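Chemist: So you can see what is in the structure, the chains are spelled out below.
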Amino acid sequence: MKAHKVIVIGDFGVGKTSLIRRYVLDVFSDQYRATLGVHLYKHSDVIPVNGTEQQIKLVLWDIEGAPLPGEQMMRYSLGASGAIVVGDLTRPDMIEPMRRAADMIEARLPGRPIGFAFNKYDIAPAPNDSDIAALKDRYGALITCTSAKTGDAVPTLFRNLTSLILGKKTGAL
Amino acid sequence: MSEVPTFDARILLEGARIVAARVDEDLIVREVVGDWCEVAVGEDVRDTVPALIGMEDELSQELPYVQLPFVSLGMSHEQPVAISVKRDWETQSLWILLRDVSEEASVQERLVHQHNALSLAHRELAAARDAALTADKAKTRFLANVSHELRTPLNVVIGGASILRKQRDKPLPNDDVITFSNDIHDSGILLLQLVDDLIDLSRAETGNLTIYEEWCNPSVIIDEMVRLSRGLPEAEGIEIVYLPNENVPEMYADPRRVKQILLNLLSNAVKVCSPGSRIQVETEVLGSGDFKITVRDNGPGMSQANLAIALEPFGQPNAETRARGTGLGLAIVAKLADLHQAKFDITTELGKGLAASTSFPAMRLSSNTG
Numbered sequence: 001m002k003a004h005k006v007i008v009i010g011d012f013g014v015g016k017t018s019l020i021r022r023y024v025l026d027v028f029s030d031q032y033r034a035t036l037g038v039h040l041y042k043h044s045d046v047i048p049v050n051g052t053e054q055q056i057k058l059v060l061w062d063i064e065g066a067p068l069p070g071e072q073m074m075r076y077s078l079g080a081s082g083a084i085v086v087g088d089l090t091r092p093d094m095i096e097p098m099r100r101a102a103d104m105i106e107a108r109l110p111g112r113p114i115g116f117a118f119n120k121y122d123i124a125p126a127p128n129d130s131d132i133a134a135l136k137d138r139y140g141a142l143i144t145c146t147s148a149k150t151g152d153a154v155p156t157l158f159r160n161l162t163s164l165i166l167g168k169k170t171g172a173l
Numbered sequence: 001m002s003e004v005p006t007f008d009a010r011i012l013l014e015g016a017r018i019v020a021a022r023v024d025e026d027l028i029v030r031e032v033v034g035d036w037c038e039v040a041v042g043e044d045v046r047d048t049v050p051a052l053i054g055m056e057d058e059l060s061q062e063l064p065y066v067q068l069p070f071v072s073l074g075m076s077h078e079q080p081v082a083i084s085v086k087r088d089w090e091t092q093s094l095w096i097l098l099r100d101v102s103e104e105a106s107v108q109e110r111l112v113h114q115h116n117a118l119s120l121a122h123r124e125l126a127a128a129r130d131a132a133l134t135a136d137k138a139k140t141r142f143l144a145n146v147s148h149e150l151r152t153p154l155n156v157v158i159g160g161a162s163i164l165r166k167q168r169d170k171p172l173p174n175d176d177v178i179t180f181s182n183d184i185h186d187s188g189i190l191l192l193q194l195v196d197d198l199i200d201l202s203r204a205e206t207g208n209l210t211i212y213e214e215w216c217n218p219s220v221i222i223d224e225m226v227r228l229s230r231g232l233p234e235a236e237g238i239e240i241v242y243l244p245n246e247n248v249p250e251m252y253a254d255p256r257r258v259k260q261i262l263l264n265l266l267s268n269a270v271k272v273c274s275p276g277s278r279i280q281v282e283t284e285v286l287g288s289g290d291f292k293i294t295v296r297d298n299g300p301g302m303s304q305a306n307l308a309i310a311l312e313p314f315g316q317p318n319a320e321t322r323a324r325g326t327g328l329g330l331a332i333v334a335k336l337a338d339l340h341q342a343k344f345d346i347t348t349e350l351g352k353g354l355a356a357s358t359s360f361p362a363m364r365l366s367s368n369t370g
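Protein chains in written order, with the working numbering: chain A, 1 to 173; chain B, 1 to 370.
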């Protein structure tokens, strides 16, 4: 079975590692530890694709955080089937870095599905409707408000993105 | 034709913690040089090096460009490796090079931690500075407004009193005396109201506005305030009614402050309504158990932009009402509602009246209604 590479990118401290560890290991830690380079997580899951349950394998790339995508991030994105761009709802200026990261994905990985994860939804409200609509219009992206701490919407985020990846491959989308 | 140099992994490996794995076009390991980490001949290299998953297209290129400086498996605590790929032109196979970068990683990790901590501190300082600047501007604007609002009625008092003092030399007609006396009186009342409002607002801002709670009957309070507002000078020709609801619960609140909320809302409505208009006070126990008091008028209403202005201290979008109020009423109502954990809300549309609601939480209500 082919494994799919999914990169998880965003500014540092927004919760990329926490989201992945919640999805893969179902754990959460309040202790912040910056990711250096990239950490890989292999994960198997079962998701519905075109009405049937399908076993999938993912390699999740937890990429070192940066406010804006740089050469390192571009290098690590090579060959990815999809990307999750993570933002921190507690930061007032979160949208622009997310846009820049999504622009990089579009340029480097044209046509690959993008999911926007607005993280820390347990302590901050969702973005306003106009920002969400603008991101949907511009990138045709999945938008999910997540909480790595409580686990809310975390599996949904990864599974929906994987469905999109498989849908594109089978031509269903 | 120039000679293409042969890639010799053995030369590269001398003295380094490095493993080189030669793979065929299916990425099956055919040869391993070095024993620093486990890469087995005959296996798919992607099983040991999952970072290569997804890179098949790049690896099939004549000159694949794969340079991954720090890669580790996040689920275990394996040491980070640097991954790079070279093509062996002689055998037409690929060499996957894995180099231990633990030492560089530990140094870089400290640097990244320091950099991130500094960036976060910088952001927090910038946010604190912006908040301080905004607060400073708000304070300056507030003081300018206070000065302006105090000067207007004071000028009326001083001007009127000066004219009245000159009566000794040149007596004024009785009507003028009465007019000037009324102006001085009204301005004095306005000044007193402004000072009272300022004191309330200041206390609320500093958390020193105390409420004295007791069990009270909202119906009695509403009835009293409706009757009082009918007596306001501007209320002539305006119908002000209370539509009592059968299920009005007893409420644990400060009756004086609830009266203040209602009177502020009623007098605001009276100021914007013209004769023939109707103002009504409604009550409702919501599905959540909260108790909502609404002051609704069929006056001119206001746009959302003007509503935002009206909610600011001294914000008076309507030039006509400016002369008749302090512009602090709604700000005080919002603070008083907050002190009761009540939700204050205004719905309005230009030309379609205005409804100002205060919803007191269910925990403040007696369980027996009626």
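I should point out that these hints are in silico values taken from the structure, not numbers from a laboratory. In this text, all values refer to a predicted model and were calculated from it rather than measured experimentally. Among the clues, some could well be false.
Here are the simulated SDA-like cross-link-like pairs (lysine to any residue), alpha carbons at most 25 Å apart as the crow flies [unchecked claim]: (1) A/K42 to B/Q193; (2) A/K42 to B/E109; (3) A/K149 to B/R123; (4) B/K335 to B/P255; (5) A/K136 to A/G167; (6) B/K166 to B/R123; (7) A/K149 to B/K137; (8) A/K136 to A/R91; (9) B/K137 to A/P92; (10) B/K166 to B/K137.
Chemist: Next step is simple, just say for each hint if it's right about the structure.
Modeler: We went through each hint and held it up to the structure:
The hinted pair formed by A/K42 and B/Q193 fails the criterion: a straight-line CA distance of about 69 Å is larger than 25 Å. For the given pair, A/K42 sits about 23 Å from B/E109 by alpha-carbon distance, which is consistent with the 25 Å threshold. Using a Cα cut-off of 25 Å, the hinted pair A/K149 and B/R123 holds, with the two alpha carbons roughly 23 Å apart. With a CA separation close to 15 Å, the supplied pair B/K335 and B/P255 stays within the 25 Å bound.
Only pairs whose Cα atoms come within 25 Å are accepted, and A/K136 paired with A/G167 is accepted, the gap being roughly 18 Å. Annotation: proposed proximity of B/K166 to B/R123 is violated, straight-line Cα distance about 64 Å (limit 25 Å). Distance restraint check for A/K149 and B/K137: the Cα-Cα separation of roughly 38 Å exceeds the 25 Å cut-off, and the hinted pair is therefore not satisfied. With a C-alpha separation of about 20 Å, the suggested pair A/K136 and A/R91 falls inside the 25 Å cut-off, and the hint holds.
The hinted pair formed by B/K137 and A/P92 meets the criterion: a straight-line CA distance of about 20 Å does not exceed 25 Å. With a C-alpha separation of about 43 Å, the suggested pairing of B/K166 with B/K137 is violated against the 25 Å cut-off.
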